[in-house]
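So the protein lines, in turn, are chains A and B.
For the first sequence, position 61 (counting from the first letter as 1) is numbered 80 according to the working numbering, and the numbering increases by one without interruption.
For the second sequence, position 92 (counting from the first letter as 1) is numbered 197 according to the working numbering, and the numbering increases by one without interruption.
Keep in mind the hints are simulated off the structure, nothing from the lab.
Careful: at least some of the hints might be erroneous.
Which bits of chain B does chain A cover? Going by a derived footprint, with three or more residues having C-beta under 8 Å, they are [what the hints assert, rightly or not]:
| # | segment |
| --- | --- |
| 1 | 139-151 |
| 2 | 197-204 |
Derived DSSO-like pairs: lysine-lysine, alpha-carbon spacing no greater than 27 Å straight-line [to be verified]:
| # | chain 1 | residue 1 | chain 2 | residue 2 |
| --- | --- | --- | --- | --- |
| 3 | A | LYS97 | A | LYS30 |
| 4 | A | LYS34 | A | LYS97 |
| 5 | A | LYS30 | B | LYS207 |
| 6 | B | LYS210 | B | LYS159 |
| 7 | A | LYS81 | A | LYS30 |
| 8 | B | LYS207 | A | LYS81 |
| 9 | B | LYS159 | B | LYS171 |
| 10 | B | LYS159 | B | LYS207 |
| 11 | A | LYS97 | B | LYS207 |
Just so you have them, the derived chain B footprint on chain A, three or more residues with Cβ under 8 Å [to be verified]:
| # | segment |
| --- | --- |
| 12 | 31-38 |
| 13 | 57-69 |
| 14 | 109-116 |
From the three backbone atoms N, C-alpha and C, an ideal C-beta is built for every residue, glycine too.
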Amino acid sequence: NAGVIQTPRHKVTGKGQEATLWCEPISGHSAVFWYRQTIVQGLEFLTYFRNQAPIDDSGMPKERFSAQMPNQSHSTLKIQSTQPQDSAVYLCASSLGLGENTLYFGAGTRLSVL
Amino acid sequence: GQQVQQSPASLVLQEGENAELQCNFSTSLNSMQWFYQRPGGSLVSLFYNPSGTKQSGRLTSTTVIKERRSSLHISSSQTTDSGTYLCAMEPGTGSNRLTFGKGTKFSLIP
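Bound-form chain B, shown alone (with noise of 0.2 Å):
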């Protein structure tokens, strides 16, 4: 079954709103990964967050293992963070290999 369940699918807010992103995952980990991606471009790296809260500008990233969950939280967004964010989850059992949520298509509007 699905491994990560990213939430929600799709955002939109006003420009200036905070915004939260959710992963939920059902197996054992060593890390999760957040990624940013513009229509048509390549994946970024935002995050490697294997427990606790990370803090990169206007973007902060909380990985709560015993609750089995991450969340990516943008604050004061701009037009210019519009793209789709995607968490991925490196299992505990010393694999390397990534396991993709759907991802969550956010919009800004102006």
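Looking at chain A on its own, in the form it has when it is part of the complex (with noise of 0.2 Å):
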């Protein structure tokens, strides 16, 4: 098992360019989940999916962000028109969804905006 494989582990973008963020699950996982982390924020739930149809989209930033999963063994987080706040770690967990729901996160992308 190894583990929530997240892709690239970093990535740098001018202001104004997309960003595309990939996460494979742990196999068998039905619930997959997008947060970000920055020292100011801490950690921020962005989105999750439960057997790849889209949950909880709260704590997406409607316009420029969108997460799709086109399939049980991966996830990918947009950004289009990226800016400068958007710079952080961005994290992909998933958990089996069912009973004792621990989270297992990956290594998680750095995005720098510049």
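Bring the two chains, given one by one in their own frames, into a single complex with the hints.
Structure follows, in structure tokens:
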């Protein structure tokens, strides 16, 4: 079990460019979560899926952020027209989604918007 | 408002001392989870603790739902325990979404 895999580990974009972040959850996990982490705000919830269906996207900045889960083995987070305030570590996590719902986090993607 | 209050924000102890970290929550709870993070590292799950006490080695987690608090006790702390400890609550609403505290930055003096 390789754990939750996130790619790329680091991404640098210019202001106004698009960034796509990838996540491969642990096989057999039905719930997939996206969080972002900054020093000032800490860990902020963005969105989550259960059995590939979007359940709660209340943490997503609506205009430029979108998330997809086209199949059970990967999810993407897309940020259009990136801004410097989007700079953060974006974390993906997965869990069984039932019973003891322990979250397992990936190593994160550090996004830097210049 | 902030649903999870974590304290202290930072803690510096000498090696060998015991540490007590606290989380208070303001809404109904399904579970409390505790995580550990090294600087620049990923979050590692320590405990899934909906209620009562759980122990793993030198770490003990206690969740008291009636008092709306959860604690993490580190006994005989070692330099390898340094890092940030975060608690996260899963609400009792059926949502799997976790709300995190701001974390306790824990440092050890050899």
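Structure-based check of each hint:
| no. | hint | verdict |
| --- | --- | --- |
| 1 | 139-151 | holds (count 6) |
| 2 | 197-204 | holds (count 5) |
| 3 | LYS97(A) - LYS30(A) | holds (13 Å) |
| 4 | LYS34(A) - LYS97(A) | holds (15 Å) |
| 5 | LYS30(A) - LYS207(B) | holds (25 Å) |
| 6 | LYS210(B) - LYS159(B) | holds (22 Å) |
| 7 | LYS81(A) - LYS30(A) | holds (22 Å) |
| 8 | LYS207(B) - LYS81(A) | holds (24 Å) |
| 9 | LYS159(B) - LYS171(B) | holds (17 Å) |
| 10 | LYS159(B) - LYS207(B) | holds (22 Å) |
| 11 | LYS97(A) - LYS207(B) | holds (26 Å) |
| 12 | 31-38 | violated (count 0) |
| 13 | 57-69 | holds (count 5) |
| 14 | 109-116 | holds (count 4) |
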